[in-house]
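So the sequence lines, in the order shown, correspond to chains Z and A. Using our numbering, the letters of the first sequence map in sequence onto residues 1 to 892. Using our numbering, the letters of the second sequence map in sequence onto residues 1 to 113.
Please note that a few of the clues may not be correct.
[To be verified] Think about it this way: if two alpha-carbon atoms lie no more than 16 Å apart in a straight line, the pair counts; the simulated EDC-like pairs of lysine to aspartate or glutamate are:
#, chain 1, residue 1, chain 2, residue 2
1, A, Lys74, Z, Glu31
2, A, Lys72, Z, Asp844
3, Z, Lys361, Z, Asp844
4, A, Lys74, Z, Asp24
[Said to hold, decoys possible] Label pairs and their computed distance ranges (CB to CB):
#, chain 1, residue 1, chain 2, residue 2, range
5, Z, Leu458, A, Leu32, 54 to 62 Å
6, A, Glu68, Z, Arg52, 17 to 25 Å
7, A, Ser69, Z, Leu419, 45 to 53 Å
8, Z, Leu419, A, Glu68, 46 to 54 Å
9, Z, Tyr83, A, Ala108, 29 to 37 Å
10, Z, Leu42, A, Arg85, 36 to 44 Å
11, A, Thr92, Z, Glu392, 29 to 37 Å
12, Z, Ser27, A, Pro24, 18 to 26 Å
13, Z, Arg52, A, Asn71, 13 to 21 Å
14, Z, Arg82, A, Glu68, 35 to 43 Å
15, A, Glu68, Z, Tyr83, 39 to 47 Å
16, Z, Ser346, A, Arg85, 30 to 38 Å
The hints are simulated quantities; they were obtained by calculation from the structure and are not laboratory data. Just so it is clear, CB atoms sit at the ideal spot from N, CA and C, and this is done for glycine as well.
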Amino acid sequence: MWSRLRSLAGMLFRRDRFEREMRDEVSFHIEARAEDLAREGLPPAEAMRRARMEFGTEDAIKDDCRQSRGVRWFDEASNDLRYALRLMRKTPGFTAAAVLSLALGIGANTAIFSLMDAVILRTLPVASPQELVFFAHGTGERPGASSNYPLFERYRAIDGMFAGITAFSPTGFKLTSNDGIENVTGLWVNGSFHGVLGVPMAIGRGFSSDSDQPTDRPTAVISDAFWLRRFGRDPSVLDRSITLDGRSVAIVGVTAPAYTGLVPGTNPDVTMPIAVRAITEPTYLTMHDTWTDLTIVGRLKPGVSAAAALAPVDVAFRQYMSEEENKWIAKGNPEAFAKAAFVPASRGSGVLRRQYETALKVLMGMVAIVLLIASVNVANLLLVRSAARAKEVAIRMCVGGGRARLIRQFLTESLLLALFGGVLALVVAQWGTSAIMSLFNAAETPLLLDVSPSPLALAFTATITLATGIAFGLVPAFASTQVDLTPALNHAVVRRFSRRWSSSHALVAAQIGLSIVVLAVAALLGRTLYNLKSIDAGFTPGNLLLVTLDTYGTPIPEEARVATFREVLERVKTLPGVEKASLSRSTPIHTSGNARALVLPAATSERIEDNAAFTNPISAEYFDTMGIRLLRGRTFNSLDDAESAQHVAVVNETMAKFWAGDRDPIGMTLAFKGNPKDQITIVGVVEDTYQMNLREAPPRTVYTPVANAEQPPSGLTLELRTARNPGAIAAAVREAVRGVNRSIVIRYMRTIDQQINASLVRERVLATLSAGFAFLALTLCAIGLYGVMSYTVTRRSREIGIRMALGAARGRVLRQVLSQTFVIAVTGTIIGVIAAMMATRTLDTFLYGLSERDPATIGGVAIALLVISMAAGLLPARRAATLDPVQAIKTE
Amino acid sequence: MGKTAELLPGTLDMLILKAVSLKPLHGYGVLLRIQQISGEALNVPQGSLYPALYRLEHQGLIAAEWGESENKRKAKFYTVTAAGRRRLREETAEWNKLAAAIGTALNATPDEV
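Please model the complete structure; the sequences and the hints are all you need to start from.
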């Protein structure tokens, strides 16, 4: 084996020498033979001639020698390559069409795959991620990963199974700097975090068990992104402190750029030990009466299986849950706390994945179909061209060019096309991913994903490029080398086309079918977005600016907060362009807010959701500003804000129905668990508004005056109804807020439309991308059909000419070509509708307001495709009908 | 060249190995040597000699080196390698077995059936 490789390598890299030596050797042979013959008595010239004759055809023998050395294959390949390149240059239109189709098809696949890689496939950037497990609980597909600190301590006591167990919970900090106060994302972690996970560090160190000791000198590890953003990667940062939530914090380390956190799409700026959290929340480490978003992650000891490790974890979990002080945890939802479970942590955890996993798979399916359509197009184009080359093929086969050799030649061409397409696809993908990421920008929190092509994505692209190159090349390669030589060499090739064309027609029908699938998916997703956007959400959208103010972790004392917010409200009301303004804890179509358990006469269910109402402390102007209609009773007035005032509430319709049934709710009282003595009187009923998102029906809602909230909220949102474009007053609002108190942080500023759009990011991404893919599919399909039909007409022009000469009417010719198109289109449409019915089943969780088999949508798509197909077929048909019979018969 | 027998397919490689195992030879020498050691009974088609030599060299069964021929000219000399020798031994044994078997079979008489 080795010697062969060496001899082949020698051959390839010292080609000249090989050829020279071969020449020398052969001439030595012939001369030696000639000398021998001369010695036998022949005259020298005759001896030379005889020697040459005996030796045989020198070139053929040399060629055999080359083949013996395995060189011929390379020679042929490079010949094929040159030939293919020449062919590509000769037909630039064809080449451009093929390469572009493939580039778009492969590029779309690469883009979606890169996204999928970043969200779903990529493993965590820590040491041996496959050994990591999240500690969860419950049955079913998605065990919950919540816990509290005492439970974490129990798990840590388990012996022999884990190399280490650590815990973290996401948070946010207020960073005070010369630029003012800003929000940074954060993570509370146990001191073992960096050690257990093996987080790579750029400079400094991670935390250690010392970090768990109570301290008054807090430390932090910052991310590379934060280091770059705030400090320009200055290494002296390790000697510096930053002010977080009003406390001075020493930076002890910076994580490596590759580490982007445990949750795909988020990358905490600052990581601090949970011990620091205990400074402000002393009971956090010990209390059993809260259940938190603390996530526990463990590293299995080498050789310990997850199943083996789960047994003692389950014992500890059940023991913990059975203890008297913890029994309350499982009360609302027993099966969620029935047993302990592990969730593999190698790819991190994440909302993003849950949200987008299926969506990405749907998109992946769509781009795969688009690529298939593109490949079929190129296959068809090649088939058409190979038909034109039938004579050349026949000649080559006659002179002994083997079929395998010809197939290789065809494959070289298709692979070359695929290669060009693949290279261009990387550009398309680059552009595509950034376009897709910009669609995500509407989301509330920026998505921090590295979608630059990873080695895996590049390998994926290379694989599909190769696979498509072979797949679409093989059909024409086999079809066109299956030539019956005699008729092909005569001009009777035409006869054979009837059969060959049928495969081409079948391919076009398949394209139409596939396009229908893509189009149906796109139409369903598009209509879903439309349906969601046209929901009457119960308030007036339009010129409404939302400004979320935050005072948590600022020097503003708790008791002064509401007054401060009020001051801001009064200040912004006077701004020019502001028509109405109000304050509220929550705003519509936003995943924030509180559901509180109600005191019910008789609890109907154990589940908290069934007994709770969504609460929203507001200022009196809220309903008027939002345009929420009052149905009965009254809204709040300034008297309700007084400390001594009777506690009142306005409820929405759903709550009124829940609380009062058919009776009049005005004057009834309600109370919340936790403060049952506080009887709140219902004074009004307003219409329902959608709260969390547009898919969830409006929740039962209780509005209360913000002034007498039990606990003054640290953050409120300002609603500003403006006369014109709300963006225009953004700067003035910022100024006004700063004017009241420089410590107030503006967490977000956005219009209600932006907020609604943020809640529809997934829908918009799906609808936009699928519409793009559908357009691509449709265009490719129309081009394919047009190309094939034009070619049919061209090949049949002689036959058509004869028929016209014999008296066939032009209309009849037109009809004939069109009817052929129609048969193809109808066949494709039927296949497509059936396939679409099956494919759209995967969509049911995404759709809104229509079924996945919505007859109008699928029917509409089918009709649209039929129309487009007929339009694509009309041009060639018209050409056939306007043929000049004389001309057509004359030209061969 | 007199009356010669055609080579059986697959035997050329074996004969080349045998020829160069006796003494390093150039291509033309291999041709002559095969004729000589077969008692002038075998004629190697010149067209297949060189492809066979190149193949054997490619497979590492023979090695080539440039040297000087008997009449002081530059020529490429082939020698057998260790792998070539091993192959020759195997092929010789195979051949002998086959030849004996065919011989026995062809000499069979009606009584032996």
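Let me make sure I understand: some of the numbered hints might not hold for this structure. Which ones are they, in numerical order?
2, 9, 11 and 16
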